[in-house]
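Engineer: From first to last, the protein sequence lines stand for chains A and B.
Whatever position you read off the first sequence (first residue = 1), add 127 for this note's numbering.
Whatever position you read off the second sequence (first residue = 1), add 127 for this note's numbering.
If you are wondering where the hints come from, they were derived from the structure by calculation, not from laboratory data.
Treat the hints loosely; a few may be bogus.
Restricting the straight-line Cα-Cα distance to at most 30 Å, the calculated cross-link-like pairs of lysine-lysine (DSS-like) are [what the hints assert, rightly or not]:
# : chain 1 : residue 1 : chain 2 : residue 2
1 : B       : K146      : A       : K143
2 : A       : K413      : B       : K503
3 : A       : K562      : A       : K503
Label-pair distances were calculated between CB atoms; the ranges are [as the list claims (entries may be wrong)]:
# : chain 1 : residue 1 : chain 2 : residue 2 : range
4 : A       : K533      : B       : N375      : 23 to 29 Å
5 : B       : R568      : A       : E386      : 36 to 42 Å
6 : B       : E481      : A       : E569      : 27 to 33 Å
No residue lacks a Cβ here, since even glycine has one placed at the ideal position from N, Cα and C.
2 protein chains.
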Amino acid sequence: MGKKKKSNKVKPQLLKGFKDYTPKEQIARERMLSTIRSVFEMRGFLPYRTAALESAETLLGSHYNEDSLAELFGFCGPEEVDMALRYEFTLSLARFVAGNPDLPLPFRGYQYGPVFRVDKPGPGRYREFTQCDIDIVGSANLLADSEIIATMVATLEALGIERFKVRFSSRRILNGLIEFAGIPAETGPDVMRVIDKLEKQGREAVLQELGPGRTDKSGDKIPGLNLGDSQINEIDRLLTIAGTETDNPLAAAEQLLGEMAESVAGIADLRQILSHLSNMRVSSDKFGIDLTIVRGLGYYTGPVFETNLLDLPEYGSIFSGGRYDNLVDRFLNRSIPAVGTSCGLDRLLAALIELERISLRPCTSDVLVTVMDRDKLPEYLRIVAELREAGIATEIFQGDTKNLTKQIKYGDKIGVQFAVIAGSDEFDKGLVTVKNLSAGREMAQQVENREEWLKAEEVQQTIERAQLVEFVLKNRG
Amino acid sequence: MGKKKKSNKVKPQLLKGFKDYTPKEQIARERMLSTIRSVFEMRGFLPYRTAALESAETLLGSHYNEDSLAELFGFCGPEEVDMALRYEFTLSLARFVAGNPDLPLPFRGYQYGPVFRVDKPGPGRYREFTQCDIDIVGSANLLADSEIIATMVATLEALGIERFKVRFSSRRILNGLIEFAGIPAETGPDVMRVIDKLEKQGREAVLQELGPGRTDKSGDKIPGLNLGDSQINEIDRLLTIAGTETDNPLAAAEQLLGEMAESVAGIADLRQILSHLSNMRVSSDKFGIDLTIVRGLGYYTGPVFETNLLDLPEYGSIFSGGRYDNLVDRFLNRSIPAVGTSCGLDRLLAALIELERISLRPCTSDVLVTVMDRDKLPEYLRIVAELREAGIATEIFQGDTKNLTKQIKYGDKIGVQFAVIAGSDEFDKGLVTVKNLSAGREMAQQVENREEWLKAEEVQQTIERAQLVEFVLKNRG
């Protein structure tokens, strides 16, 4: 029986690629979300929320199959309907807008929450992660694209990040080139996907992949798009500009791509955005044109944005998006122009930690009231109530031990700032002892004689019971 | 081709039983969450977050099968692992605690987020809904149960609900009775499940279900537990007390159940909790003993709580929980005592709306800056920047129309408070017009002559451009 019981135990394991967040992490994530949401709301974006599960058609279009469903967390669910967890918000937003014809347009919305991807998990790369998106749906006005870029800048600044750059281009520039070179329109997305590798793989690799393909370092054969030499040369013209250090890439692009109407229109779009950003007084060192930006996703139609941290280039783009004027078409017999952007909360948190722009707090409580004498429980509970009424986050020790050292150790472990200590003696005299656990932890790292700092006034003080609230309010960090 | 294209369209539909939240709803939900989280943190609960997907074993134990998995949103996922969306937080919390032996105990945690159930959808009943949980894990101390109850009271009060009652009992009282009556321990959970129907079905129905079963109104046969008459009589003793109007149900219970050791212990537990709540100065009209409370879930072991809205009894319990001392056993070869409670955000929101304790705002923006003259865009954008810098949530009209009436109509639709209007004329004179759209909407409901209120000073005022920020700060709602 004992053996059988043991085999009934379930290992306390997470699914592969999933993660729990301890208070220390979750407190930081909540603070970040609060900052991000404040910036979004200050700039007129309204919160909305879509369902976490969607039909397979919504996420994959009408031509999905078992294989494409298995690339998501997809399954045949209740009522025999194929469904999957969302892997991003934009498709859900498109469905939401298409299904709510009364929604006033332009709709400026923000959404945050978990998305799910069956990626190979790695360091900092999880299968469930939190994204924050803003979108402006129902406007073809480039003021909207500019507002999105300006909000990206404002958000990162509000989070305390100083050295970053939002870089952007327009797909129209490349589309014009593709059309001019006589490359079939359906190959366009593949060309974008290959050029998207420029930063990581370099120009030679990209040119090879546009042509016959190449063999990578590990010996794997990467198939090419088999474009003709003249077609590849046309595309190379753009890469040449992109690779040139110039103060004015748009002028260079215009000179080279001037005969391609769609490219010229894309260049004009970017000039307009630059002008709006300047009028919005966004610092000019926080954004810039980069003609190599194309983004991997198929649905972008115009301006596309990426954001790099100057001190952590290895993070890649931490805030990305673009204009997607045809996405709502999946659901409606008409187009609704839209533009948006998305950032991953946890990658930003990792960056803030690495840049030392955030201090991780393990605890949101200010005070732990210890319990030395069970008979005095009414007194302890009165102290708790008083502190909470004054807006001081307070807990009473809930464990079963009466041992004060263990209670203090618990307070230290959870990271609370103060411990309140009182026995019959103190209560009789109208006194209470307050121990500054945070100060104690700091001093313990500095002094060698433990006995010494334990007695230090900064760490422990006996005060009038009536002064307790005032004392904590004055001394809390 | 046209036809084919049409068939490629995806209907913009949610899955059955799922829901999106528009800004109007989501703004209210965010405000509620903020209030709830403040109360939790003020009382020492720390935020944590567990994964939304769990292994089938974690949610269902080691003996799950295809059928029990299909009762959840369950499926065979990546790496051929059976998994499902969580249907509540408590099992995930138990896994989290079991898997994190370094977590300081007692752990006081809170979590909020979506849970998923394959229920039959109905009005206000969705398959994805947001729960808010608090738990104290690692304490057998009844101070913990009392803190949970006190926090339930504080949370509902902070949300503006006045007339509610947290009612509680202890499973130990009934366990003692079941043992005394010679009912096998494994039938205990079924007895609890039947007694849980008392409020809805009445005493006669419960007694029949404890015995041979009954036929309900629709003619459906409900099987009984086939307990013996003497066993049913023992249980009826408890129902008799519960049905008696008495100021002191615990004294009555003691008189009737005095010979059952476990019942007596349960009664003593409840007395202790009453004493703690009194010491915590929780208003005595906000809680009370109700010996009919048992809760349906199998894992409760001690005190169990429910909360009813006195003015909306049809809502059933809106905040429920209890002590579950053996749940972590699923994962560990030892017990960790725990107690917690849970509320559903959207049922609470529905109640707040019905009780008129919340005003729904459609918009978080204060000001819409209209664009009459594109050449003046730098001026409009300067106004936007100034307002935002002063902490006034502001957006500029992003649509493609120059028509002022349409822009104002848009502002009215999204529910923004002020519209700022300026043309070349105003800019030249250093003036700006501010239209109070909210006041306009209110007055439109009161006066008959539309022309009249359009001219009213309260609705529209032309002021000095330099006074704009001050004017909005002074007049915003």
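Engineer: Determine for every hint whether it applies to the structure shown.
Structural biologist: Going down the list of hints, with the structure as the test:
no., hint, in the structure
1, B:K146 - A:K143, "holds (29 Å)"
2, A:K413 - B:K503, "holds (25 Å)"
3, A:K562 - A:K503, "holds (19 Å)"
4, A:K533 - B:N375: 23 to 29 Å, "violated (38 Å)"
5, B:R568 - A:E386: 36 to 42 Å, "violated (54 Å)"
6, B:E481 - A:E569: 27 to 33 Å, "violated (51 Å)"
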